[in-house]
Amino acid sequence: MIVVDHVTKRYGHTVALRDLSFEVPAGVITGFLGPNGSGKSTTMRVIMGLDAPQQGRATINGKTYRELSSPLHEVGALLDAKSVHPGRTARNHLRAMAASNGISRSRCDDVLEFVGLTAVANRRVGEFSLGMSQRLGIAVALLGDPGVLLFDEPINGLDPEGIRWIREVFRTLAAEGRTILVSSHLMSEMALTADQVIVIGRGSFITRGTVDDLTSAAAQDVLVRSQDNARLADAISAAGGTTSPGPGGSLQVAVLDAATVGQLALRESIALSELTPVRASLEDVFMELTASATDYTSSPGAADV
Amino acid sequence: MSEPTVRAAVRFEWVKFRTVRSTPIGYAVTVLLTIGLGILITFAIRSHWHTMDPIARFAFDPVSTSLAGTLFAQFAVGVIGILFITSEYASGSIRATLAAIPQRWRVVTAKVLVLGVTTLIVSEVVVLAAFLIGQRIYAGVVPTATLGGPGVARSVILGGAYLALLALLGLGLGLIIRHQSAAISVYTSLLLIVPIIVIILPSSWQNTVARFEPSALGRSMMSVTPSSNMFSAWPATTVLAIYVAAILVVATVLIERRDA
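Sequence order for the protein chains is A and B.
The working numbering puts the first sequence at residues 151 to 455.
The working numbering puts the second sequence at residues 772 to 1031.
Worth flagging that the hints you see were computed from the coordinates, not collected in a lab.
Covered stretches of chain A, going by a simulated chain B footprint (3 or more residues, C-beta under 8 Å):
1) 198-207
2) 210-224
3) 230-242
4) 247-255
Taking CB as the label site, the calculated pair distances span:
5) Gly237/A - Ile892/B: 22 to 28 Å
6) Asn978/B - Arg255/A: 55 to 61 Å
7) Ala799/B - Asp260/A: 32 to 38 Å
8) Gln204/A - Ser975/B: 47 to 53 Å
9) Arg789/B - Asp260/A: 20 to 26 Å
10) Gln205/A - Leu972/B: 47 to 53 Å
11) Thr915/B - Ala202/A: 56 to 62 Å
12) Val1024/B - Arg314/A: 44 to 50 Å
Some chain A residues well away from chain B (every beta-carbon gap over 10 Å; in silico):
13) Ser394
14) Ser400
15) Gln413
Ideal Cβ placement from N, Cα and C applies to all residues, glycine included.
Build the full structure now, drawing on both the sequences and the hints.
See the structure below:
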């Protein structure tokens, strides 16, 4: 389990993380969502002990990263796929990393096989495509067979085949009971891979839950068609709703739900030809959650942290 | 618990050190400069020996002149030391290193051991070769020295130690500065520009200050009989070792405190 406990991180006058707290439960895939610049990478670096927060701390299985004596056996991380000396071969990079934590050479060959890089293991990393570098990064993360895995924007820059492969890898690793934290700025991606998500914005916690929870909690519009849109619109406004022209002569209603709109129409004796709740898209939900990030210090979802 | 981890860190750094091309290239340049320039310099002295003035002939040191190539090779070993750490900052692989070994002083310790021992071994062999080749070139024309002569073996051994210490100086500067080109500039300034600044000083100061320059310390270490206002060999070695240790201590404190 990963615990981020009241972490504040400033770089000069820039506040990257403000009093950020959350827990990543063991044995599931947790998506770590936020727009670019919201502090996801900084959080990852703080968890990895690379950057020191001014306040608070992050622990993995109860210890800060710097307290781990053989960290690759406990935590595997892919923070930046390109952060390998370009002149070194993939195999030598793995062998060096393995030597640092007393991991056998045969394990290097195993993880190379797992990520499908055996054929290019003796090529210099500088010649690798981004997709190949991501695979190498995953191989490094898996070297010590750790129970906790961190991936920072792992699908960035991957082609569709690479994205599909990485999703399969996550499922395989999660099925083995590992704790996985994957950051992304794409909610739709997290809907496909994560069991639950944590959302941050401007360095602050916003909410957490399953993707379904977040979507259903978000405001839903109602699309309505009637014989007299103008009169219906007046009735809706009077009841506190707002309307806007929808597609094909329909009326898009916000604030009120479908049942209320139906009752209003009945009361006004306006015949309806269509009444459809419009589920917000994942990206809409995400935008809505993070747009006013600065106004949030916590949210209803924060209570169950 | 700490010792096996330092050992693992040394193995880690050793694999990294020998698997990039800059390491063998750097040592090849060290060999080339020490031996190659040694050959050129000793040949030049041999061919001008009969026209040299008697005072110069009287003060002539066949040992330090045969080792003069080290004063050029010092730039090669310094760059090896600088690249050993700045290449990690340039590529971002420092984060992988610190993820593998989060106790940062262990990373510094391992790098010091790997770089120091490797450079010492290479340098001792190369410096000995430069000495032997130089004496062979001098033979018959110019007075020569043998390893058994007073202070000769010491000069040869400290010549290798000088290069190893300068490699560590480069590593320390690289750790503090983190940018390759800036670290190389500072390193070469220390060796080339500081002596020029000293020349500008009043001569009374010069006599006290000049002996403390790194390259002057190197000349003291390799001289059988250092000149009067220079350190003799062992004190020079001690002063240089203190410089290097101080820089490495500062570097360790900084890497422990700074964000990676």
